[in-house]
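4 protein chains.
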Amino acid sequence: MTVNSKIDLHGIITPLVTPLLSNNELDERGLGKLINHVLVGGVNGIFILGTTGEFSRLKSKVKEDIIKTTCRIVKKRVPVLVGITDTSMHESIRLAEIAYNESANAVVLAPPYYYSVDQAELLNYYKQISETIELPLFLYNIPARTNINIDVSTVVEASKLPGIVGVKDSSGDLFYFHKLKYALRDNPDFMVFVGPEEIMAPTVLFGASGGVNGGANIFPELFVKLYNAAKSKDFETIYKLQDVVTRISGSLYQVGKNSPNYIKILKSVLSQMDICDEHMAEPFIPFTQEEQIKIENYLNEIKHFDFRQNV
Amino acid sequence: MTVNSKIDLHGIITPLVTPLLSNNELDERGLGKLINHVLVGGVNGIFILGTTGEFSRLKSKVKEDIIKTTCRIVKKRVPVLVGITDTSMHESIRLAEIAYNESANAVVLAPPYYYSVDQAELLNYYKQISETIELPLFLYNIPARTNINIDVSTVVEASKLPGIVGVKDSSGDLFYFHKLKYALRDNPDFMVFVGPEEIMAPTVLFGASGGVNGGANIFPELFVKLYNAAKSKDFETIYKLQDVVTRISGSLYQVGKNSPNYIKILKSVLSQMDICDEHMAEPFIPFTQEEQIKIENYLNEIKHFDFRQNV
Amino acid sequence: MTVNSKIDLHGIITPLVTPLLSNNELDERGLGKLINHVLVGGVNGIFILGTTGEFSRLKSKVKEDIIKTTCRIVKKRVPVLVGITDTSMHESIRLAEIAYNESANAVVLAPPYYYSVDQAELLNYYKQISETIELPLFLYNIPARTNINIDVSTVVEASKLPGIVGVKDSSGDLFYFHKLKYALRDNPDFMVFVGPEEIMAPTVLFGASGGVNGGANIFPELFVKLYNAAKSKDFETIYKLQDVVTRISGSLYQVGKNSPNYIKILKSVLSQMDICDEHMAEPFIPFTQEEQIKIENYLNEIKHFDFRQNV
Amino acid sequence: MTVNSKIDLHGIITPLVTPLLSNNELDERGLGKLINHVLVGGVNGIFILGTTGEFSRLKSKVKEDIIKTTCRIVKKRVPVLVGITDTSMHESIRLAEIAYNESANAVVLAPPYYYSVDQAELLNYYKQISETIELPLFLYNIPARTNINIDVSTVVEASKLPGIVGVKDSSGDLFYFHKLKYALRDNPDFMVFVGPEEIMAPTVLFGASGGVNGGANIFPELFVKLYNAAKSKDFETIYKLQDVVTRISGSLYQVGKNSPNYIKILKSVLSQMDICDEHMAEPFIPFTQEEQIKIENYLNEIKHFDFRQNV
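Residue numbers (this note's numbering), protein chains in the order written: chain A, 19 to 329; chain L, 19 to 329; chain S, 19 to 329; chain H, 19 to 329.
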C-alpha cells in the first residue's frame with residue numbers, strides 16, 4: 019500500500035446522511051446544500067457512506083455517485099472520509115479504489131457483518147484490505163449493528179499495521195474507550211473518534227480526537243462549540259451545551275421506534291430546514307403526521323437554547 | 019407479479035455450500051460433484067445462496083455464476099430455490115430476475131439486515147418485492163443473523179399476498195413453530211420448512227413441510243430417511259436416526275468456534291469426501307491440523323452408525 | 019445422604035401457584051381447593067415453591083407453611099416435590115430439612131442466582147447440597163430467571179452423584195433437550211421433565227418423563243390427556259390437544275406484559291373458577307378491568323374446545 | 019416514615035466486602051481491620067451488604083451481625099449505608115429495621131430480582147418500602163444482576179417521594195447518567211453515586227456526588243485522591259490516576275472469569291495485605307496457585323505507580 023497522503027484529523031466529523039430522491043437516486047442538489055450547511059457550521063471533516071449514510075441500503079451506483087459528488091463539492095476544504103463497509107471484501111476494495119480515484123482522504127471500515135467472525139479473522143481481514151488499498155484506513159467499531167466488538171487488543175495490533183491510522187468507536191462504551199486510550203498510550207498519533215454525540219465531550223476530555231456525530235448534520239455549530247469547549251476544558255460552556263445534547267437525545271431522537279429511525283429524524287429535520295428531502299432508502303415508511311408534529315415541537319424547544327449566539 | 023409456475027415442495031432441501039476456488043471464483047467442477055452427491059442421496063430440492071452458501075460474502079459475479087450453473091446442472095430434476103437476501107432491495111430484485119431468467123423455481127428472502135426494521139416495514143418490504151418479481155417467494159426467518167424475528171402475525175399477513183408461498187424458519191424456536199402452524203391452520207398450502215437439522219424430525223411430526231438442513235450437503239441420505247420416518251411416524255427409525263443427528267451436532271459441529279464455522283466444517287468434510295475444495299469466501303482462516311484431525315475422527319465415529327444400509 | 023425413599027415419577031406434575039391472603043399469609047383453604055382440583059384432574063405429582071409458586075417473594079414463614087400444609091393435605095396420594103432454590107445455600111438446606119421432616123418426596127433446586135457461577139462451581143454446589151440433605155434432588159434449569167444454563171455435561175456429571183435423580187428443564191430449548199437425552203442414554207432412570215407446556219408433548223414423544231406445566235393448575239385434565247396421548251403416540255389426540263395448548267399460550271397467556279404475569283393470569287383464572295384468591299406476593303399490581311375481561315373472554319373461547327369430554 | 023436524620027453524602031463510599039471465616043460466619047476481627055484500612059485511606063462512607071458484600075449469599079444471622087458490628091466499629095466517624103435488597107419485600111423491611119436500630123445512616127435497595135417487574139411495579143415497590151421504613155433510602159440500579167434497569171423517569175418519580183434521597187447507579191451506562199442528571203436538574207439535592215470505578219472521575223466531572231467503588235476496599239487513597247482531583251478539575255492528577263484505575267481494571271480484575279470473581283480478587287488482595295481472609299460465601303472455589311501468582315504480580319506492578327505519595 020502506498021498511502022497517498024498523511025491525514026491529521028481532529029474535531030467534529032459529520033457522518034453525512036445521504037439525500038435521496040423519491041426514486042432512490044442521489045439528490046445532488048440536496049447533497050450540495052447539506053455539505054454547505056455543515057461546512058458553514060464549522061465541521062472539520064465529512065464522512066460519507068457511514069451508518070448514518072444508509073450505506074448498506076444504497077445500490078452500487080448511488081454509492082459511486084455520492085463519493086464522486088461529495089469530493090467534487092467539498093473540493094479539499096475539509097477531509098472526506100468514505101465508508102467502505104460491506105459483507106463482501108471484494109466490494110469494500112472496489113469502493114476504496116473509487117474513493118482513491120476521487121481523491122478522498124481516508125476510508126472507514128466496519129467488520130464484515132451477517133456472519134460472525136473472531137478476532138483473529140478480523141485482524142487478518144483488516145490486514146489484507148489495508149495492504150490492498152491506497153488510502154489511510156480507520157477501523158469502525160459498531161457492535162450494535164455488526165454483532166461483533168473489535169477487541170482492544172485487536173485495535174492495538176491493527177494500529178501497528180501501516181495504513182491503519184485510527185478507529186471510529188460507536189460502541190458507546192466508556193470502559194472500552196478508556197481501555198483503548200490506555201492501551202494506545204505509546205502511539206498518540208493513532209486517532210480515536212467517538213460516535214455517539216452524547217459522549218463526545220466526556221471522551222474529548224480524556225483524549226479522544228473528536229466526534230463523528232450524526233447530530234452535526236442538523237446542528238453543526240453545537241457540536242463544534244462543544245468540542246472546542248471540551249478541548250479547552252471550559253466547563254461552563256461544556257455544561258451548558260452538554261445539556262442541549264442530552265435534551266436532543268432525550269426528546270427529538272425518541273420520536274418513532276427503530277434504529278434507522280435516528281436517520282429518519284435527521285432527514286425529517288433537514289427537510290424542515292429546507293436542506294434536503296426526507297426520503298430514505300427502502301424499506302421506508304414515512305413518519306405519521308403526529309410524529310412529524312412532535313419533531314417540530316421538540317425542534318422549537320431546542321432552538322430556544324440558541325447555542326449559535328450565546329456561547 | 020406473474021408466478022411462472024406453481025411450486026409444491028416437501029421433504030429435504032439441501033442448502034448448498036458454495037464450492038470456491040482459492041481465487042474466490044466459483045468451483046464449477048466441485049459444484050457439479052456436490053449437486054450429483056446430494057441428488058444421489060435423494061434430496062427433494064436445492065437451495066443456493068442461502069446462509070450455508072455464504073451468500074453475503076460472495077461478489078456479484080459469483081452469485082450470478084452459481085445461479086446459472088446450478089440451474090443448468092440440475093436441469094429441473096428437483097426444484098431450485100435461490101436466495102436473494104441483501105441489504106439493498108435493488109440487489110435482491112436483480113437476483114430474482116436472474117433466477118427467473120435461469121428458470122429457477124422460487125426465491126428465498128430474509129429481512130434486510132444491518133439496520134433494524136419493524137414488522138410493518140418488514141411486511142411492506144415483502145409486499146413490494148413480491149409484487150415486483152416473477153417467482154414464488156419464501157420468507158426466510160433467521161433472527162440470529164438478521165437480528166429480527168419475523169413475527170407470526172407478519173408471516174400470516176404475508177401468506178395472504180399472492181406470490182408468497184412459504185417460510186423457511188431457521189430460528190430453532192419450537193414455540194414459534196407451533197404458533198406459526200396454528201396461525202396458518204386455515205392455509206395448509208403455505209409451506210413451513212425448518213432450518214436446524216436437529217429439529218427437523220420433531221417438526222415434521224407436527225406438520226412441517228420438510229427441512230432445509232445443512233447436514234444434507236454431506237449426509238443427504240440420513241436426512242431423507244429421517245424425513246421419511248417422521249412423515250410415516252416410524253418411531254423406531256426416528257429414534258435411531260435422530261440419535262445420529264444429535265451426535266453429529268454435538269461432535270462434528272463443535273470443532274472450532276464461530277458460526278460460519280458450521281459451513282467451514284461442511285466444506286472440510288466435503289473436501290475429505292473429495293467432492294469440493296474447503297476454501298471459503300474471505301475472511302477465511304483454515305482449520306488447524308489439530309482441528310482437521312478432530313473432524314476426521316468424529317466423521318469416522320459417525321460413519322460407524324452406517325445409516326445408509328441399516329435403516 | 020440417606021435417600022429416604024426411591025422416587026419414580028412420570029407424567030404431569032403441577033407446579034402449584036401459592037394461594038395467598040391479602041395480608042400475604044398462606045391461604046390454606048385456597049390451597050386445599052387447588053390441590054383437590056388438580057388431583058381430580060389426574061395429575062401425577064405436585065411441585066410447590068417453584069417459579070410458578072412465587073418462591074423467592076415469599077417470607078420464610080409462608081414457605082414453611084406451604085410445605086407442611088401441602089404434605090398434610092396430599093397425604094401421599096401423589097409425590098410432593100419441594101423447591102428449595104435460594105441465593106443462600108444455608109437457606110436451601112434448611113428448606114430441604116423441613117421438606118424431609120414433612121415427608122415430602124423430593125426437592126428441586128435451581129442454580130443460586132444474582133451472582134454468576136461457572137459450571138465447576140455449579141457442579142460443586144449440587145454436590146455439596148446433595149451430600150447434606152436427605153431427599154432425592156432434581157436439578158432445575160431455568161436460565162431465563164437464573165441467567166445461567168446448566169450445561170449438558172454438568173447434568174451428566176451430576177447424574178452420577180447419589181441422590182440426584184433427575185432434572186426439570188425450563189429452558190424451552192429443544193436442542194438442549196435432545197442433547198441431554200442423548201448424553202444420558204446409558205442412564206435411563208435419570209428423569210428429564212420439561213417445563214414449558216407448549217413443548218411437553220413434543221418432548222414426551224422423544225423420551226421426556228413428563229411435564230411440569232403451569233397450565234396444569236387451571237386445566238389439569240388437558241395436560242394429563244395430552245401426556246397420555248403423547249405416551250401412546252395417539253397423534254389424532256395429540257394434534258387436537260396441542261392446538262388447545264397453543265391457543266392458550268397465544269391468547270390467555272398474552273394478557274399483560276411481564277413474566278410473573280403468567281402466574282398472575284393463572285391466579286386470576288383460579289379466582290374466576292372460585293378456587294383461590296388472585297392475590298400475589300409483593301410487588302403486585304392487580305390486572306385492570308380491561309385485562310380481566312380479556313382473560314374471561316379467552317377463557318370462554320378455550321372452554322369451547324371442551325377437552326374434558328371429547329377426547 | 020420519619021427520616022431519623024438528614025444525610026449529606028459525597029465522595030468515595032467503600033462497598034465493603036464481607037470478611038468471612040471458613041465456617042461462613044462473620045470474621046469480626048477482619049471486618050475491624052478492613053474498616054480501619056478504608057477509614058485511614060480517607061473514604062467518606064461505608065456501604066455494607068451491597069453486591070460487593072455478597073449480600074444474597076449470606077445467611078440472615080451473618081447479615082444481622084455485619085450491620086451491628088460495622089455500626090459499632092465505625093462509631094459515626096463516617097456514614098454507614100446498609101444494603102437491604104432481597105427477593106422478598108418482607109426481608110428488606112426487616113433489614114431496614116435492624117439498620118435503623120443500629121443507627122445506620124441510610125439503606126440501599128435494588129429492584130427485587132428473579133422475577134421480572136415493570137416500571138410501575140417498581141415505583142410502587144419503592145413507594146411502599148420507603149413509607150414503611152425509618153431511614154433515608156437510595157435506589158440501587160444494577161441491571162446486570164437484577165435484569166431490570168430503573169428507568170430515568172422512574173428515578174425522577176421516586177426522587178419526589180419523601181425518604182428517597184439518591185441513587186447508586188452501577189449500570190456503567192454514561193448515556194443513562196447524563197439523562198439522569200439532566201432529568202434531575204431541578205433537584206440538585208438528590209444524590210447520584212456511580213458504581214464502576216472506571217467511570218467515577220468522568221462522572222464526577224459532570225456532577226456525580228461520588229463513587230461507590232469496590233477498589234476502595236484495597237486502594238482507598240487512590241479513589242479518594244482521584245475523586246478530589248475530579249472535583250477540583252485538576253486534570254494532570256486525573257490523567258495520572260485514571261491510568262492506574264484503567265490498569266487495575268485491565269490486569270488485576272481480569273484474573274479468573276466470573277462476575278463474583280471481582281469480589282474474590284478483592285478478598286485475595288486483602289488477604290495478601292493481611293487484612294482479612296479470602297474466604298467467600300458458598301458456592302466458592304478458591305483461586306488456583308497460578309491465578310494467585312498472577313494477582314500478586316499485577317499487584318506489584320500497580321504498586322509501582324505509588325499513588326499514595328506522588329500525587
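Everything labelled a hint here was simulated from the structure, so no lab data went into it. Be aware that a few hints might be false.
Unchecked claim - Residues of chain H placed beyond 12 angstroms of chain A at every Cβ, according to the derived structure:
hint	residue
1	D26
2	L39
3	K94
4	R203
5	E216
6	V262
7	V263
8	T264
9	R265
10	S267
11	N315
12	Y316
Unchecked claim - Reference listing, derived: stretches of chain H covered by chain A, where coverage requires no fewer than 3 residues with Cβ under 8 angstroms from a Cβ of chain A:
hint	region
13	41 to 51
14	116 to 130
Claimed, not checked - Derived PhoX-like pairs: lysine-lysine, alpha-carbon spacing no greater than 20 angstroms straight-line:
hint	chain 1	residue 1	chain 2	residue 2
15	L	K249	S	K79
16	L	K258	S	K197
17	A	K249	H	K77
18	H	K197	H	K24
19	A	K24	A	K79
20	H	K258	A	K249
21	L	K321	L	K258
22	H	K77	A	K258
23	H	K178	S	K79
24	L	K251	S	K258
25	L	K145	L	K24
26	L	K77	A	K77
27	A	K51	A	K24
28	L	K145	A	K79
29	L	K77	L	K24
30	H	K251	A	K249
31	S	K77	L	K249
32	A	K258	H	K79
33	H	K258	A	K258
34	L	K197	S	K258
35	A	K251	H	K258
36	S	K77	H	K79
37	S	K94	L	K258
38	A	K24	A	K77
39	S	K94	S	K51
40	L	K258	S	K251
Glycine is no exception: its CB is placed at the ideal position from the N, C-alpha and C atoms.
To see whether the hints hold, each was checked on the structure:
1. D26: holds, 22 angstroms
2. L39: holds, 35 angstroms
3. K94: Holds, because the least Cβ-Cβ distance between K94 (chain H) and chain A comes to about 35 angstroms, which exceeds 12 angstroms.
4. R203: violated, 7 angstroms
5. E216: For E216 (chain H), whose nearest Cβ neighbour in chain A is about 5 angstroms away, the distance does not exceed 12 angstroms, so it is violated.
6. V262: Incorrect as stated: the minimum Cβ-Cβ distance to chain A is 10 angstroms, not above 12 angstroms.
7. V263: Not fine: 8 angstroms to the nearest Cβ puts V263 (chain H) too close to chain A.
8. T264: Label violated. Min Cβ-Cβ 4 angstroms, cutoff 12 angstroms.
9. R265: Violated, because the least Cβ-Cβ distance between R265 (chain H) and chain A comes to about 7 angstroms, which does not exceed 12 angstroms.
10. S267: For S267 (chain H), whose nearest Cβ neighbour in chain A is about 7 angstroms away, the distance does not exceed 12 angstroms, so it is violated.
11. N315: holds, 18 angstroms
12. Y316: At roughly 14 angstroms from the nearest Cβ of chain A, Y316 (chain H) sits farther out than 12 angstroms, so the non-interface label holds.
13. 41 to 51: Violated - the region 41 to 51 of chain H has 0 residues with a Cβ nearer than 8 angstroms to chain A, which falls short of three.
14. 116 to 130: Per the Cβ count (0), the hint is violated.
15. L:K249 to S:K79: With a Cα-Cα distance of about 53 angstroms, the restraint between K249 (chain L) and K79 (chain S) is violated, given a limit of 20 angstroms.
16. L:K258 to S:K197: holds, 14 angstroms
17. A:K249 to H:K77: violated, 51 angstroms
18. H:K197 to H:K24: Violated: K197 (chain H) and K24 (chain H) sit about 26 angstroms apart, past 20 angstroms.
19. A:K24 to A:K79: violated, 29 angstroms
20. H:K258 to A:K249: holds, 18 angstroms
21. L:K321 to L:K258: holds, 14 angstroms
22. H:K77 to A:K258: Violated: K77 (chain H) and K258 (chain A) sit about 49 angstroms apart, past 20 angstroms.
23. H:K178 to S:K79: violated, 34 angstroms
24. L:K251 to S:K258: holds, 17 angstroms
25. L:K145 to L:K24: holds, 19 angstroms
26. L:K77 to A:K77: holds, 14 angstroms
27. A:K51 to A:K24: Between K51 (chain A) and K24 (chain A) the Cα gap is close to 29 angstroms, so the pair fails against 20 angstroms, i.e. violated.
28. L:K145 to A:K79: violated, 24 angstroms
29. L:K77 to L:K24: Not OK: K77 (chain L) and K24 (chain L) at ~31 angstroms, beyond 20 angstroms, violated.
30. H:K251 to A:K249: Given pair K251 (chain H), K249 (chain A) holds - Cα atoms ~14 angstroms apart, limit 20 angstroms.
31. S:K77 to L:K249: Violated. K77 (chain S) to K249 (chain L) sits at ~51 angstroms, over the 20 angstroms cutoff.
32. A:K258 to H:K79: It is violated: about 50 angstroms lies between the C-alpha atoms, which goes past 20 angstroms.
33. H:K258 to A:K258: Violated. K258 (chain H) to K258 (chain A) sits at ~27 angstroms, over the 20 angstroms cutoff.
34. L:K197 to S:K258: holds, 14 angstroms
35. A:K251 to H:K258: Holds. K251 (chain A) to K258 (chain H) sits at ~17 angstroms (cutoff 20 angstroms).
36. S:K77 to H:K79: Since the Cα atoms of K77 (chain S) and K79 (chain H) sit roughly 16 angstroms apart, the hinted pair holds (cutoff 20 angstroms).
37. S:K94 to L:K258: violated, 39 angstroms
38. A:K24 to A:K77: violated, 31 angstroms
39. S:K94 to S:K51: holds, 17 angstroms
40. L:K258 to S:K251: holds, 17 angstroms
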